[in-house]
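Q: Spelled out, the chains give:
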Amino acid sequence: MRWDNFSKFLVMVVGIVVAFAFFAKPLFSTVKQGLDLQGGTHVVLQAVETPDAKVDDDAMNRSVKIIERRVNELGLTEPVIQRQGKDRIIVELPGVKDPEKAIAMLGRTALLEFRNMEGKTVMTGKDLKDSKAVAEQNGQAVVTLDFTAEGGQKFADLTMKNVGKQIAILLDGEVLTAPVVNEPITGGKAQISGSKNMEDAEHLAILLRSGSLPVKLEVMENRTVGPTLGQDSKDKSVKAFGIGLAGIFLFMLLYYRASGFVADIALLLYTLILLAIMKALNATLTLPGIAGIILSIGMAVDANVLIFERFKEEVLAGRTMRSALDAGFSRAFVTIFDSNVTTLMAAAVLFYLGTGPIRGFAITLALGVLVSMFTAISVTRYILRFLVTSNICKNPSFLGARAPHSNEEVAK
Amino acid sequence: MKKFSIVKHAKIFCSVSAIFILIGIVSMITRGFNLGIDFTGGSILDLKFDKAVTTTQVRDVLKDHKLGNSIIQLGTSGSSTKESQSVLIRTGVINDENRREVMTDLGSKLGTFQTLRVENVGATVGGELVRQAALAVVLSWLLMIIYITIRFEFKFAIAAIIALIIDVMVTLSTFSLLQLELDSTFVAALLTVVGYSVNGTIVIFDRIRENLKIHRRSESIGDMVDNSIWQCMTRSVYTSLSTLFAVVAIFLFGGETIHNFSFAMLVGFTSGFYTSTFIAGSLWIFFKNKGKVSTKVAVKAKKA
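Which chain is which? The protein sequence lines are A and B, in order.
Mapping of the first sequence onto numbering that gives the first Met the number 0: residues 0 to 411, in sequence order.
Mapping of the second sequence onto numbering that gives the first Met the number 0: residues 0 to 303, in sequence order.
Source of the hints: derived by calculation from the structure; they are not laboratory data.
All of these numbers come straight from a predicted model, not from anything done at the bench.
Ideal placement from N, C-alpha and C gives every residue a C-beta, glycine not left out.
Don't take each hint at face value.
If the Cβ cut is set under 10 Å, some of the chain B residues that face chain A in the computed set are [what the hints assert, rightly or not]:
{"no.": "1", "residue": "74"}
{"no.": "2", "residue": "123"}
{"no.": "3", "residue": "136"}
{"no.": "4", "residue": "208"}
{"no.": "5", "residue": "210"}
{"no.": "6", "residue": "240"}
Cross-link-like lysine-lysine pairs, in silico, DSSO-like; alpha carbons within 30 Å at most [unchecked claim]:
{"no.": "7", "chain 1": "A", "residue 1": "100", "chain 2": "B", "residue 2": "81"}
{"no.": "8", "chain 1": "B", "residue 1": "7", "chain 2": "A", "residue 2": "235"}
{"no.": "9", "chain 1": "A", "residue 1": "31", "chain 2": "A", "residue 2": "119"}
{"no.": "10", "chain 1": "A", "residue 1": "85", "chain 2": "B", "residue 2": "62"}
{"no.": "11", "chain 1": "A", "residue 1": "7", "chain 2": "A", "residue 2": "311"}
{"no.": "12", "chain 1": "B", "residue 1": "47", "chain 2": "A", "residue 2": "31"}
{"no.": "13", "chain 1": "B", "residue 1": "154", "chain 2": "B", "residue 2": "287"}
{"no.": "14", "chain 1": "A", "residue 1": "238", "chain 2": "A", "residue 2": "64"}
{"no.": "15", "chain 1": "B", "residue 1": "212", "chain 2": "B", "residue 2": "50"}
{"no.": "16", "chain 1": "A", "residue 1": "85", "chain 2": "B", "residue 2": "65"}
{"no.": "17", "chain 1": "A", "residue 1": "24", "chain 2": "A", "residue 2": "64"}
{"no.": "18", "chain 1": "B", "residue 1": "81", "chain 2": "A", "residue 2": "238"}
{"no.": "19", "chain 1": "A", "residue 1": "24", "chain 2": "A", "residue 2": "238"}
{"no.": "20", "chain 1": "B", "residue 1": "212", "chain 2": "A", "residue 2": "235"}
{"no.": "21", "chain 1": "A", "residue 1": "311", "chain 2": "B", "residue 2": "65"}
{"no.": "22", "chain 1": "A", "residue 1": "238", "chain 2": "B", "residue 2": "7"}
Just chain A, same shape as in the assembly (with noise of 0.2 Å):
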């Protein structure tokens, strides 16, 4: 027996179980949950009918449309936007640092004016196409406007017509600058400045790019609210998912033995991993996404399986232990690369194609393949060296393989 290898499997064994004791709360704890798992702020959007706006199911529907077209600009995953009744529209955030501003933005008319010297309006957000927001070389924060054909041919029809003049663009009826004109535009791009920040510039951008809405709508109701799974059902469905991993845990352990064990070890260091890669990313967990964790555990799981079965092969065909080791990981690599970089590839497709649920589930897929890769196949593989390495026992039924021809070995 080889104290040296052992003592560094116990290491690496304990040193992952102490982490995961540790770590595994906290760093589940910290990551960003969904409406679904963890609840926000429910907002209630009344439409009040103006003289110069009706407020119809048209204009509703456009207003859910934009509204819709804000939140997800925002960032936010997996909102609830809802029409409600004929006139007002909830939405629900998933947990929001400020929901002040995100609300004030959700409300905000936005209608944009480009006004001549007389006061009289010239072109609108209509004319815009797109609008983002850019640092200046000298920090400075400002909205950069794009025109269409058609308002890039007005504006440089408004400059040139009002060189040396002052012209203003407006907000909601609010002046948000006021420019002298000192040569025609004709390029159909212009930029506001007098941005605050890059946070108020982005959020400005944001409201130009998504339109105006072709009503007023006013926050009636504002509020935090539970889970959408439901607290007690979200509840239950923990505890569910942890009777299905201690399930998986044990069947490792019955079938594979030591191989087992440290296959466990590695879905443990698999957990801490992929939590704390979803911290890093700031990436928000939602049910979704936990389907999107279930198949790549089952995925770390079926490597191991192939794996182990393989070495049991090896063993039978008359290896030795540490060979047939080396064997069954070398040729198990090759099925489970495949399938990982097949399922990958599905996923980054999802991801960028998709939204909402699809993104949630492709993100957490194809970070569980990659994590699991390495758990499953290298740490697995470094931690069993070990213990096969030190000679602790030779019997290969130790690591859930039977040994050729045992009859011969007892006679001996």
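Take the given structure of chain A and dock chain B to it, following the hints.
A: For chain B alone, kept in the frame of chain A given last:
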């Protein structure tokens, strides 16, 4: 002991899936799907109870009216997340009479409450999301076909995609037949099924690819595929059993609102095991032979 030949019984295995899917398609056409609140909208009830209640209590009352999978959220202005006086309930489409019954029942069982608002609400998942999801999924399949074609060959790719389409159809069929509610989480469950199915199929195909290299002429392709599948059998069974165990646990012990989510996975994973073990290999042989036949025909045509 001679092992049971999966390839020789391919017709039976394929028929089982085909018949199931056919029945499913008939059901999809005649009865369609039972779309959930996310797709249909429904009613919102905003209540303020005199005494704090829990979601479990509210759900128990709703269950008696077959509304157990409603969205129930507590207002969490207070310190506790477990119970609250303010409750927001979103049910599927119900008529006024049903709604009155539910509200009377809530009052008699959980104490008096004030009704802050009762209104109809629209869908949260539009056709656009579904279309976009479908497009993303189809594109991801195309990419899978390309990758499998590069690493294996085109016939493997087509067989793998057909196998996963079977699994998707079986899951959809089951939901239409049992008229189980489809909600937005169903999409994620279906995607999981696709991933699981492809993984299982690739494991089998990888073994076939490996055995193809050491394949002797004396052994028929069918026997080789049979051997490959049987060599993977322990792995297939172990992996399926352990993942199914986890999904069954979530199905049995998980909350009301994720019942259909876990059930979709349960059905899809079972079908995934079935198709990759009993159908995928035979599908590959089918396409392989078909290719041969057509080249033979081509050769004959040239000679003539």
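Q: Look at each hint and say if it fits the structure.
A: Results of checking the hints against the structure:
1. 74: Holds, because the Cβ-Cβ distance from residue 74 of chain B to chain A comes to roughly 6 Å (cut-off 10 Å).
2. 123: 5 Å, holds
3. 136: 7 Å, holds
4. 208: At about 9 Å, which falls below the 10 Å cut-off, the nearest Cβ of chain A leaves the hint on residue 208 of chain B intact, so it holds.
5. 210: It is violated, given that the least Cβ distance between residue 210 of chain B and chain A is near 12 Å, above 10 Å.
6. 240: 7 Å, holds
7. A:100 <-> B:81: 28 Å, holds
8. B:7 <-> A:235: With a Cα-Cα distance of about 46 Å, the restraint between residue 7 of chain B and residue 235 of chain A is violated, given a limit of 30 Å.
9. A:31 <-> A:119: This hinted pair is violated, its Cα atoms lying about 48 Å apart.
10. A:85 <-> B:62: This hinted pair holds, its Cα atoms lying about 29 Å apart.
11. A:7 <-> A:311: 25 Å, holds
12. B:47 <-> A:31: Satisfied, since the Cα-Cα distance of roughly 29 Å is no more than 30 Å.
13. B:154 <-> B:287: With Cα atoms ~7 Å apart, residue 154 of chain B and residue 287 of chain B stay inside 30 Å; holds.
14. A:238 <-> A:64: 38 Å, violated
15. B:212 <-> B:50: 73 Å, violated
16. A:85 <-> B:65: 27 Å, holds
17. A:24 <-> A:64: 39 Å, violated
18. B:81 <-> A:238: 16 Å, holds
19. A:24 <-> A:238: 14 Å, holds
20. B:212 <-> A:235: Roughly 50 Å between the alpha carbons, so the hint for residue 212 of chain B and residue 235 of chain A is violated.
21. A:311 <-> B:65: 51 Å, violated
22. A:238 <-> B:7: 44 Å, violated
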